[in-house]
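Residue numbers (our numbering), protein chains in the order written: chain A, 1 to 260; chain B, 1001 to 1066; chain C, 2001 to 2298.
Derived from the structure by calculation, the hints contain no laboratory data. Remember, predicted model here, so these are calculated numbers, not experimental data. Take the hints with a grain of salt, since some may be wrong.
With a straight-line cut-off of 27 Å between C-alpha atoms, the simulated DSS-like cross-links for lysine-lysine are [unchecked claim]:
id : chain 1 : residue 1 : chain 2 : residue 2
1  : C       : Lys2056   : A       : Lys259
2  : C       : Lys2125   : C       : Lys2105
3  : C       : Lys2135   : A       : Lys94
4  : C       : Lys2105   : C       : Lys2135
5  : A       : Lys94     : B       : Lys1041
6  : B       : Lys1033   : C       : Lys2105
7  : C       : Lys2279   : C       : Lys2260
8  : C       : Lys2105   : A       : Lys259
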Amino acid sequence: MRGFTVLLQKEFREAWRSWKFLWIPLVFALLGMTDPLTNYYMMDILNAVGNLPEGFEMLMPELMPADLLYASIGQFQTIGLLVFMATFVGAVSKERASGMATLLYVRPISFGAYFMSKFVVMSTIGFVSILAGFAASVYYTVILFGTFEIGPLVASFITYFSWLLFVIAVTLMMSATFKTVVATTCAFAVIFIGQILDTLVGAFWTISPWKLPLYGVQLIRGTMEMPDYWWSLSLTLVITIICVSLGILTMKKNASTTKI
Amino acid sequence: MMEELAKVPWAVIAPLIVVQIILMIVALVDLRKIHATNGPKILWVFLIIFTNIVGTIAYFIVGRKQ
Amino acid sequence: MMTTLLQVTGLTKQFAERVVVDGIEFTLEKNTSTALIGPNGAGKTTTLSMLTGLLKPTSGSVNMLDGDLRANIGFLPQYPQFHPWLSALEFTEMTAKLNSVPARKATVEAQKTLEFVGLGNDLNKKIATFSGGMKQRLGISQAIVHKPKLLLLDEPVSALDPVGRREVLDLLKGLQQETTILYSTHILNDAEEMTDQLLFLRDGKLVEQGTLREVRQRFDEPNYVVEFSTEKEAQLFASQSELVGEARGSHVYIEIIDEKPSMQELLQHLSSCPSKIRKVERQTATLEEIFMKVARKI
């Protein structure tokens, strides 16, 4: 891992100076706030917006705290990941296309070190972001709806972070393998079309990385079949490691495509 | 109208607004300091201020030029 | 005593059907400067890319006889791109560390190098604010900060204005004594100024090589130029003399082939000439002219 700390410092400096450590967590915090707030004020909003007929009473389902967290995770899964992935999908490919990579690639660096430095910085920003998102969601849920047990909540958070590591590994691997446009398409396809497929026909299987966010919430609800959980978690970690390894290989292989 | 405003639970809404304002300020500060943007700077100023969070996110993802 | 630093044999690069670099061979001696010249599209950048190890040759090899190639080169691309959010010092320091300069030494070395290239007052400025000339200096500093044995420069001064070009050329001349330099250029004046060896590249082939003097001797076809006051006198001289002469304007150009005509013959003709002669000169070809000849040579 030659040069890992040097490259890590460079990546951190970049992320820090382009405000990524601030704005992405803030976006996740906003996403986390949205659902508990809108659900709580749904009646008021409807009253304020529309002229509801006399005697109209909407049957609002009784919402459990876990339901609101799940709704917030739904926000992270769509808008959150879209923002996160769009920000980072050029991490390797754009450096090649612009020629910024050239002055680093000619040096005796290890591509493993370079890839991992990017992975670590993305993971750190991802961690802070979902921490902000979870905190915002839980804060409002606790104020407006009810409390969580701390143990399952932490477990749910860690589960979601594992899923995020998978997303990061896929995104970076695509960036190392393809040009930015293709990388974006492929990474989005894997993550978002994967989610849709898993929702549509996912009933036929129980072990899948795309189910991890839901499983995290089921840990809170206490309805999780633990073997499914552990298998999914393990599978996700294995795929993550495979993606990282492939990413390092393709990054090295594509080094010659950097603009000179 | 004033009565309506008074009914708004500000204690609950405040963090939401504060976060949005911080985001907007960060984007504007960065926009002021940055060398070049994709598209005219003034356009981004308007987008950040008037389209709420969408303009801010768009600025950070595609607006900043490296 | 010359010692060979780099040996290039049969270096070839083919992209699909197109052969961009075609079996070129040369050696670089330690602490010499070599200019790689040729028209645009001759394969200069591709050759340099292969020497850096960034581009894999289709066939052929690049051997550094004194240590690992990758650890011992400094490279400046024609259009270097930097990470704009770093300061000049941070960037140079980083590149030094990536070339295994110990962390404590890296800061000092980076600072010294930046002062050497003339960026001493801009150490902590962000690269995003740099002008083209400043970037080129920074590019040189990142290429030399780790004291590489071989310095590869792709068109190091082509993009600069005359003042910047003069300054950067002087910088490079200062480095000539302590390191081996290979640089590409299509501007011959630069090559004339600092070069021990010339490599002419055309259509991916090495068509000429040697020292400046050797190449000169091979291609230099010197002329006598006789200048008259008027066009008429020139034409008269050209038609009357037995020498092969061509009148252009008020000048007559007489080609020297195998040292014929000799100075004596010429003097005889000149002394019998009735017109007033303003100037007689023996001209040697500039590198520019040699270059044109090589470029046209089939």
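Against the structure, the hints:
1. Lys2056/C / Lys259/A: Roughly 14 Å between the alpha carbons, so the hint for Lys2056/C and Lys259/A holds.
2. Lys2125/C / Lys2105/C: 21 Å, holds
3. Lys2135/C / Lys94/A: Roughly 20 Å between the alpha carbons, so the hint for Lys2135/C and Lys94/A holds.
4. Lys2105/C / Lys2135/C: The hint holds at about 23 Å.
5. Lys94/A / Lys1041/B: 23 Å, holds
6. Lys1033/B / Lys2105/C: Violated. Lys1033/B to Lys2105/C sits at ~32 Å, over the 27 Å cutoff.
7. Lys2279/C / Lys2260/C: 20 Å, holds
8. Lys2105/C / Lys259/A: 31 Å, violated
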